[in-house]
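Which chain is which? The protein sequence lines are H and A, in order.
With the working numbering applied, the first sequence covers 91 to 470.
With the working numbering applied, the second sequence covers 91 to 470.
Read the hints as simulated data drawn from the structure, not as lab findings.
Every residue, glycine too, gets a C-beta built ideally from N, C-alpha and C.
One should not assume that every hint holds.
[Claimed, not checked] From chain A, some residues computed to sit far from chain H (all C-beta separations above 10 angstroms):
1) 93
2) 225
3) 318
[As the list claims (entries may be wrong)] Here are the computed lysine-lysine pairs in the DSBU-like style, where the Cα-Cα straight-line distance is at most 35 angstroms:
4) H:194 - A:388
5) H:156 - A:194
6) H:379 - H:399
7) H:329 - H:92
8) H:195 - H:92
9) H:399 - A:399
10) H:379 - A:164
11) H:164 - A:195
12) H:194 - H:218
13) H:379 - A:449
14) H:156 - A:164
15) H:322 - H:449
16) H:388 - A:194
17) A:156 - H:164
18) A:322 - A:388
19) H:379 - H:329
20) A:329 - H:399
21) A:459 - H:388
22) H:388 - A:195
23) A:156 - H:388
24) A:388 - H:399
25) A:379 - H:164
26) A:329 - A:388
27) H:92 - H:322
28) H:459 - A:164
29) A:388 - H:218
30) A:194 - A:218
31) A:329 - H:156
32) H:388 - A:164
33) A:194 - H:164
34) H:195 - A:329
[Unchecked claim] So these bits of chain H aren't anywhere near chain A, every CB distance computed over 12 angstroms:
35) 166
36) 185
37) 391
38) 446
Number of protein chains: 2
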Amino acid sequence: MKFHIDAQDVGTSARAVTFYTAHGMVQTPVFMPVGTLGAVKTLSPEDLIRNQVQIILGNTYHLYLKPGLEILQKSGGLHRFMGWSGPILTDSGGFQVYSLNDLKKISAEGVEFRSHWDGSAHFFSPEKVVDIQRIIGSDIIMVLDECISNPSDYETAAAAHHLTLEWALRSRNRFLESSGFYHFQQYQFGIIQGGIYPDLRLESIQQLVEIGFDGYAIGGLAVGESQETRNKITEQCVKNLPSDRPIYLMGVGTPVDILDGIDRGVDMFDCVMPTRNARNGTAFTHQGKLVIRNSQYKEDLNPLDPECKCYTCQNFSRAYIRHLFNVNEVLGLRLATIHNIHFYMSVTLQAREAIIRGKFLDFRQRFMKTFMDEGNKNEK
Amino acid sequence: MKFHIDAQDVGTSARAVTFYTAHGMVQTPVFMPVGTLGAVKTLSPEDLIRNQVQIILGNTYHLYLKPGLEILQKSGGLHRFMGWSGPILTDSGGFQVYSLNDLKKISAEGVEFRSHWDGSAHFFSPEKVVDIQRIIGSDIIMVLDECISNPSDYETAAAAHHLTLEWALRSRNRFLESSGFYHFQQYQFGIIQGGIYPDLRLESIQQLVEIGFDGYAIGGLAVGESQETRNKITEQCVKNLPSDRPIYLMGVGTPVDILDGIDRGVDMFDCVMPTRNARNGTAFTHQGKLVIRNSQYKEDLNPLDPECKCYTCQNFSRAYIRHLFNVNEVLGLRLATIHNIHFYMSVTLQAREAIIRGKFLDFRQRFMKTFMDEGNKNEK
Numbered sequence: 091m092k093f094h095i096d097a098q099d100v101g102t103s104a105r106a107v108t109f110y111t112a113h114g115m116v117q118t119p120v121f122m123p124v125g126t127l128g129a130v131k132t133l134s135p136e137d138l139i140r141n142q143v144q145i146i147l148g149n150t151y152h153l154y155l156k157p158g159l160e161i162l163q164k165s166g167g168l169h170r171f172m173g174w175s176g177p178i179l180t181d182s183g184g185f186q187v188y189s190l191n192d193l194k195k196i197s198a199e200g201v202e203f204r205s206h207w208d209g210s211a212h213f214f215s216p217e218k219v220v221d222i223q224r225i226i227g228s229d230i231i232m233v234l235d236e237c238i239s240n241p242s243d244y245e246t247a248a249a250a251h252h253l254t255l256e257w258a259l260r261s262r263n264r265f266l267e268s269s270g271f272y273h274f275q276q277y278q279f280g281i282i283q284g285g286i287y288p289d290l291r292l293e294s295i296q297q298l299v300e301i302g303f304d305g306y307a308i309g310g311l312a313v314g315e316s317q318e319t320r321n322k323i324t325e326q327c328v329k330n331l332p333s334d335r336p337i338y339l340m341g342v343g344t345p346v347d348i349l350d351g352i353d354r355g356v357d358m359f360d361c362v363m364p365t366r367n368a369r370n371g372t373a374f375t376h377q378g379k380l381v382i383r384n385s386q387y388k389e390d391l392n393p394l395d396p397e398c399k400c401y402t403c404q405n406f407s408r409a410y411i412r413h414l415f416n417v418n419e420v421l422g423l424r425l426a427t428i429h430n431i432h433f434y435m436s437v438t439l440q441a442r443e444a445i446i447r448g449k450f451l452d453f454r455q456r457f458m459k460t461f462m463d464e465g466n467k468n469e470k
Numbered sequence: 091m092k093f094h095i096d097a098q099d100v101g102t103s104a105r106a107v108t109f110y111t112a113h114g115m116v117q118t119p120v121f122m123p124v125g126t127l128g129a130v131k132t133l134s135p136e137d138l139i140r141n142q143v144q145i146i147l148g149n150t151y152h153l154y155l156k157p158g159l160e161i162l163q164k165s166g167g168l169h170r171f172m173g174w175s176g177p178i179l180t181d182s183g184g185f186q187v188y189s190l191n192d193l194k195k196i197s198a199e200g201v202e203f204r205s206h207w208d209g210s211a212h213f214f215s216p217e218k219v220v221d222i223q224r225i226i227g228s229d230i231i232m233v234l235d236e237c238i239s240n241p242s243d244y245e246t247a248a249a250a251h252h253l254t255l256e257w258a259l260r261s262r263n264r265f266l267e268s269s270g271f272y273h274f275q276q277y278q279f280g281i282i283q284g285g286i287y288p289d290l291r292l293e294s295i296q297q298l299v300e301i302g303f304d305g306y307a308i309g310g311l312a313v314g315e316s317q318e319t320r321n322k323i324t325e326q327c328v329k330n331l332p333s334d335r336p337i338y339l340m341g342v343g344t345p346v347d348i349l350d351g352i353d354r355g356v357d358m359f360d361c362v363m364p365t366r367n368a369r370n371g372t373a374f375t376h377q378g379k380l381v382i383r384n385s386q387y388k389e390d391l392n393p394l395d396p397e398c399k400c401y402t403c404q405n406f407s408r409a410y411i412r413h414l415f416n417v418n419e420v421l422g423l424r425l426a427t428i429h430n431i432h433f434y435m436s437v438t439l440q441a442r443e444a445i446i447r448g449k450f451l452d453f454r455q456r457f458m459k460t461f462m463d464e465g466n467k468n469e470k
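In isolation and in its complexed conformation, chain H is listed as follows:
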């Protein structure tokens, strides 16, 4: 994978890199909106482009069940199916298998689970998950890993970590033996597990690097651990990872979490937070979170975030968006989502610019001051 370090911040481990996929380059730090089922909920591809989204995440588990592989293959892959011509990263489906299924059965071979739609039985092996992502045609393929809950004791974490490494090797072999369906190059990232145990994390990194992937993801975080623990593990992982590949912190997070990750050298992030919060009527603003249904916004003619340049904030008032939510107009869901995605993209873009100027800490402190002082006081 063609990869270039554009800048390294002075006071922190933050960095700005560019890497290249068959569907275009990605400049980091980058946030990937989640397009679970072939759509970033409520948004069209045009909405994504207009909000400077560079790369989106698709969920292998969901796409495998619906619309299913036959339609995706017949359509020429997910890009064509959903009309998005930029890069796509797909997860392995593992996280959904573990979180949406009470009836899963994990063995050395793979994981057996039931569809949350109709209860039908399915089986994911590391190889099959590569094959599925070949059919989906994502630019970046993630390996199947075993996700554990937090907290997990050392033995549980070690066992999951060892299985994940076995699967990583099988995944890489399958990837190298196979090729894409749609005449473009795909890449594959490995996933570091090991829970909150530094020795397991280190072993995980060493063995994954020995196998050799196009990028590395820090898995098993953003599952309820403390901010301090997450930051410590992230820091340790980044320090031990090769600097010539993208580093991806999976499932993170709030704007503050993302800045924490950038500070420690992470390049890529994904989270349902901006889209899910939008649909629940919560907007991220430079002054913190804003719950649009609150009666204080009833006659408030200001935009969601007076500092924001998104379509929503340039055209509509809090009073109007509150009204849309109150009367269940789906336009409200889209307007709030446009804003939140724009906010997340803007935070990472500004972080990139600050890193290039060697001023990431300044930017971060300035951002945190208004973001934490106002709306998020109660969350501290």
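Add chain A to chain H, keeping to what the hints say.
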């Protein structure tokens, strides 16, 4: 109201006119998408502009209850509240009072009703409905009328027609005595009632014209009467109306109904059909209606309508839109709505062009051939 007849068709009564509002001109025949609660459901103002929507309809009943007049006035009227800078016509609220309320009480003074949101008691008089529409700030204000169900006997129709005329006079007086809140000119249309009885319709027209309105609407149709009856009443009304004002057929209808109306000289139409059908997964196409959830579209990579130039048809397949509906992605509602609105706008725009060329009948026959031969066979 500045008004100009651009063309009169040769073989039919169809005409193309231009009239001017403070928010821009309207070229007819024109279809007005329904923006019930300050939004054409699922669409942003930008979506409307891109689909050549010229004028939208707002519902006085709904807007009066939510968001309420205080917020609308504080926002500077509905245009600013919803970010739509084109013309707006608002109905009188009467139709919703009658159709959404079991507990309404009609007297000579007005109509008492209960909110469908919270059961609170409200009263609409002809004067109050003018006042409300002054606050909403619509470009075209409709008078309060008494709507009767179909079928209604002669006595019921006559009584409602007489009350409607009394109210029309009071409405016009209030309109002429008052002025707008937002420094632009508003206009007012009268509504013809009289059920299916030609003598009542004629009397209604004569008295409304004597009062003098900026335009005239044919009310009391599209309530379950036969196509033949609707066409006969429409024809009679148009023949007896002054030709120097816009003529509006309220609540109509299917593309075929609209062409029937255009044929008879109607200028303006509104209906929830394109937006509501879209949300139910039914697309209007040149080959008739298409029910997107049907399994035949599961792997269909064609656009909803291969002849269509809308954003949806230029970018997405039936298989993709079917998938969005199947997994309840709200993007599907918007993409289908964009298509249906584009289809309706395109039918009326093409009708206008055909009228200007004196070829409306040709256009109509060509349209009907594919539209009726294919998808709508079963509806004949």
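How the hints compare with the structure:
At the 10 angstroms boundary, the C-beta of residue 93 of chain A stays outside the reach of chain H, the nearest C-beta of that chain being 31 angstroms off. Every Cβ of chain H is farther than 10 angstroms from the Cβ of residue 225 of chain A; the closest lies at roughly 14 angstroms, confirming the non-interface assignment. A cut-off of 10 angstroms between C-beta atoms confirms that residue 318 of chain A is not in contact with chain H; the least separation is 37 angstroms. For the given pair, residue 194 of chain H sits about 29 angstroms from residue 388 of chain A by alpha-carbon distance, which is consistent with the 35 angstroms threshold.
Taking the CA atoms of residue 156 of chain H and residue 194 of chain A, the gap is near 47 angstroms; set against the 35 angstroms cutoff, the hint is violated. Between residue 379 of chain H and residue 399 of chain H, the direct Cα distance comes to roughly 17 angstroms. Compliance with the 35 angstroms bound is thereby established for this hinted pair. Annotation: proposed proximity of residue 329 of chain H to residue 92 of chain H holds, straight-line Cα distance about 21 angstroms (limit 35 angstroms). Proposed proximity of residue 195 of chain H and residue 92 of chain H is contradicted: the alpha carbons are some 38 angstroms apart, above 35 angstroms.
For the given pair, residue 399 of chain H sits about 30 angstroms from residue 399 of chain A by alpha-carbon distance, which is consistent with the 35 angstroms threshold. At roughly 25 angstroms between alpha-carbon atoms, residue 379 of chain H and residue 164 of chain A fall within 35 angstroms of each other, so this suggested pair holds. For the hint linking residue 164 of chain H to residue 195 of chain A, the alpha-carbon distance of about 59 angstroms lies beyond 35 angstroms, and the restraint is violated. For the hint linking residue 194 of chain H to residue 218 of chain H, the alpha-carbon distance of about 16 angstroms falls within 35 angstroms, and the restraint holds.
About 58 angstroms separates the Cα atoms of residue 379 of chain H and residue 449 of chain A, which puts this hinted pair outside 35 angstroms; it is violated. In summary, the hint linking residue 156 of chain H to residue 164 of chain A is not supported, as the alpha carbons are separated by about 46 angstroms, beyond the 35 angstroms threshold. The suggested pairing of residue 322 of chain H with residue 449 of chain H holds, with an alpha-carbon distance near 23 angstroms, which does not exceed 35 angstroms. For the hint pairing residue 388 of chain H with residue 194 of chain A, the CA-to-CA distance comes to about 29 angstroms; that is within 35 angstroms, so the pair holds.
Distance restraint check for residue 156 of chain A and residue 164 of chain H: the Cα-Cα separation of roughly 46 angstroms exceeds the 35 angstroms cut-off, and the hinted pair is therefore not satisfied. As the CA atoms of residue 322 of chain A and residue 388 of chain A are separated by approximately 43 angstroms, the hinted pair breaks the 35 angstroms bound. Proximity of residue 379 of chain H to residue 329 of chain H is assessed by CA-CA distance (about 32 angstroms); at most 35 angstroms being required, the pair is judged to hold. Proposed proximity of residue 329 of chain A and residue 399 of chain H is contradicted: the alpha carbons are some 53 angstroms apart, above 35 angstroms.
With a C-alpha separation of about 51 angstroms, the suggested pairing of residue 459 of chain A with residue 388 of chain H is violated against the 35 angstroms cut-off. Taken as a hint, the residue 388 of chain H and residue 195 of chain A pair is honoured in the structure, with Cα atoms around 31 angstroms apart against an allowance of 35 angstroms. This hinted pair checks out: residue 156 of chain A and residue 388 of chain H have alpha carbons roughly 11 angstroms apart, not beyond 35 angstroms. Simply put, residue 388 of chain A and residue 399 of chain H have alpha-carbon atoms about 39 angstroms apart, too far for the 35 angstroms limit, and the pair is violated.
A distance of roughly 25 angstroms separates the Cα atoms of residue 379 of chain A and residue 164 of chain H; the hinted pair therefore holds under the 35 angstroms criterion. Between the alpha carbons of residue 329 of chain A and residue 388 of chain A the distance comes to roughly 49 angstroms, so the proposed pair goes past 35 angstroms and is violated. Pair hint residue 92 of chain H plus residue 322 of chain H holds up; C-alpha atoms about 29 angstroms apart against a cutoff of 35 angstroms. For the proposed pair residue 459 of chain H and residue 164 of chain A, the alpha carbon gap of about 32 angstroms is at most 35 angstroms, so the pair holds.
Distance restraint check for residue 388 of chain A and residue 218 of chain H: the Cα-Cα separation of roughly 24 angstroms lies within the 35 angstroms cut-off, and the hinted pair is therefore satisfied. Between residue 194 of chain A and residue 218 of chain A, the direct Cα distance comes to roughly 16 angstroms. Compliance with the 35 angstroms bound is thereby established for this hinted pair. A C-alpha spacing of about 56 angstroms is found between residue 329 of chain A and residue 156 of chain H, which places the hinted pair above 35 angstroms, so the restraint is violated. Using a Cα cut-off of 35 angstroms, the hinted pair residue 388 of chain H and residue 164 of chain A holds, with the two alpha carbons roughly 11 angstroms apart.
Proximity of residue 194 of chain A to residue 164 of chain H is assessed by CA-CA distance (about 56 angstroms); at most 35 angstroms being required, the pair is judged violated. Note on residue 195 of chain H and residue 329 of chain A: the hinted pairing is violated, with a Cα-Cα distance of about 76 angstroms set against a maximum of 35 angstroms. The beta carbon of residue 166 of chain H sits about 9 angstroms from the closest Cβ of chain A, which is not more than 12 angstroms, so the claim that it is off the interface is violated. For residue 185 of chain H, the non-interface assignment is confirmed: its Cβ lies about 18 angstroms from the closest Cβ of chain A, beyond the 12 angstroms cut-off.
Non-interface status of residue 391 of chain H relative to chain A is broken: a Cβ of that chain comes within 12 angstroms, the nearest being about 6 angstroms off. At roughly 33 angstroms, the least C-beta separation between residue 446 of chain H and chain A is larger than 12 angstroms, which holds for a residue marked as non-interface.
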